[in-house]
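With chain S's structure known, arrange chain V on it following the hints.
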Amino acid sequence: RKEVEQDPGPFNVPEGATVAFNCTYSNSASQSFFWYRQDCRKEPKLLMSVYSSGNEDGRFTAQLNRASQYISLLIRDSKLSDSATYLCVVSVMGGGNKLTFGTGTQLKVEL
Amino acid sequence: DGGITQSPKYLFRKEGQNVTLSCEQNLNHDAMYWYRQDPGQGLRLIYYSQIVNDFQKGDIAEGYSVSREKKESFPLTVTSAQKNPTAFYLCAISLRDRPYEQYFGPGTRLTVT
Numbered sequence: 001r002k003e004v005e006q007d008p009g010p011f012n013v014p015e016g017a018t019v020a021f022n023c024t025y026s027n028s029a030s031q032s033f034f035w036y037r038q039d040c041r042k043e044p045k046l047l048m049s050v051y052s053s054g055n056e057d058g059r060f061t062a063q064l065n066r067a068s069q070y071i072s073l074l075i076r077d078s079k080l081s082d083s084a085t086y087l088c089v090v091s092v093m094g095g096g097n098k099l100t101f102g103t104g105t106q107l108k109v110e111l
Numbered sequence: 112d113g114g115i116t117q118s119p120k121y122l123f124r125k126e127g128q129n130v131t132l133s134c135e136q137n138l139n140h141d142a143m144y145w146y147r148q149d150p151g152q153g154l155r156l157i158y159y160s161q162i163v164n165d166f167q168k169g170d171i172a173e174g175y176s177v178s179r180e181k182k183e184s185f186p187l188t189v190t191s192a193q194k195n196p197t198a199f200y201l202c203a204i205s206l207r208d209r210p211y212e213q214y215f216g217p218g219t220r221l222t223v224t
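Line by line, the protein sequences are chains S and V. Just so we're aligned: the first sequence equals residues 1 to 111 in the numbering used here. Just so we're aligned: the second sequence equals residues 112 to 224 in the numbering used here.
Where hints are given, some of them may not hold.
Stated by the list, open to error - Output of the computed footprint for chain S on chain V, the stretches with three or more beta carbons under 8 Å from beta carbons of chain S:
{"#": "1", "stretch": "123-132"}
{"#": "2", "stretch": "147-153"}
To be verified - Cross-link-like lysine-lysine pairs, in silico, DSS-like; alpha carbons within 30 Å at most:
{"#": "3", "chain 1": "S", "residue 1": "98", "chain 2": "V", "residue 2": "168"}
{"#": "4", "chain 1": "V", "residue 1": "168", "chain 2": "V", "residue 2": "194"}
{"#": "5", "chain 1": "S", "residue 1": "2", "chain 2": "V", "residue 2": "168"}
{"#": "6", "chain 1": "S", "residue 1": "98", "chain 2": "V", "residue 2": "182"}
{"#": "7", "chain 1": "S", "residue 1": "45", "chain 2": "V", "residue 2": "182"}
{"#": "8", "chain 1": "S", "residue 1": "2", "chain 2": "S", "residue 2": "45"}
{"#": "9", "chain 1": "V", "residue 1": "194", "chain 2": "S", "residue 2": "42"}
If you're looking for bench data, these hints aren't it; they were derived computationally from the structure. In this text, a Cβ means the ideal position worked out from N, Cα and C, and glycines have one as well.
One chain only, chain S, in its complex shape (with noise of 0.2 Å):
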């Protein structure tokens, strides 16, 4: 099993959807969470990181379950320019400063 799962896409939805990403982890004593976005043929850039109670960063909404050991990513009001795969990390605290990608989301959205 992977140590980060993420359903690869991809996710075609038309300008102004609502969309939903999960992922989920398999290391129970996973303590940070974020979401990286990354462009085709470039670095990926930090997203938002995730809390236990939920934050929200304009159209952007993301979600922990510990328990279920899911995170999860909306977007509402889709944009062209969030054509992108988005990436869901994970650290364990003590591991060395290491985090575990997933290998990503690709949204497509569509006029």
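Quick look at chain V alone, frame taken from chain S:
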């Protein structure tokens, strides 16, 4: 202009040759990391360094070597012992007190034939 620079963007080498990838930062961050990305796989950690003159192996260090002689620089050498060196190599940095918020350079695409 500040940030993280990696050079070159594209690199081509013949099998059996060692090659060194550059990573430089002027943001005064303590920690630096090297990852590789392959199609269909998540990023995997090769090496990381939290302070000058010290570094640790990541999950896939075999066939690679690094040095950290200056805070600003963390070069990665891909040796001929690395069996599958063709990949997208990414350097990242983080602050010592926020090690899990990592920021990436633009990457180097290495092709070995």
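Hints, verified against the model:
no. : hint          : verdict
1   : 123-132       : violated (count 0)
2   : 147-153       : holds (count 3)
3   : 98/S - 168/V  : holds, 11 Å
4   : 168/V - 194/V : holds, 17 Å
5   : 2/S - 168/V   : holds, 21 Å
6   : 98/S - 182/V  : holds, 20 Å
7   : 45/S - 182/V  : holds, 22 Å
8   : 2/S - 45/S    : holds, 22 Å
9   : 194/V - 42/S  : holds, 24 Å
The structure does not agree with numbered hint 1 stated previously, though it agrees with all others.
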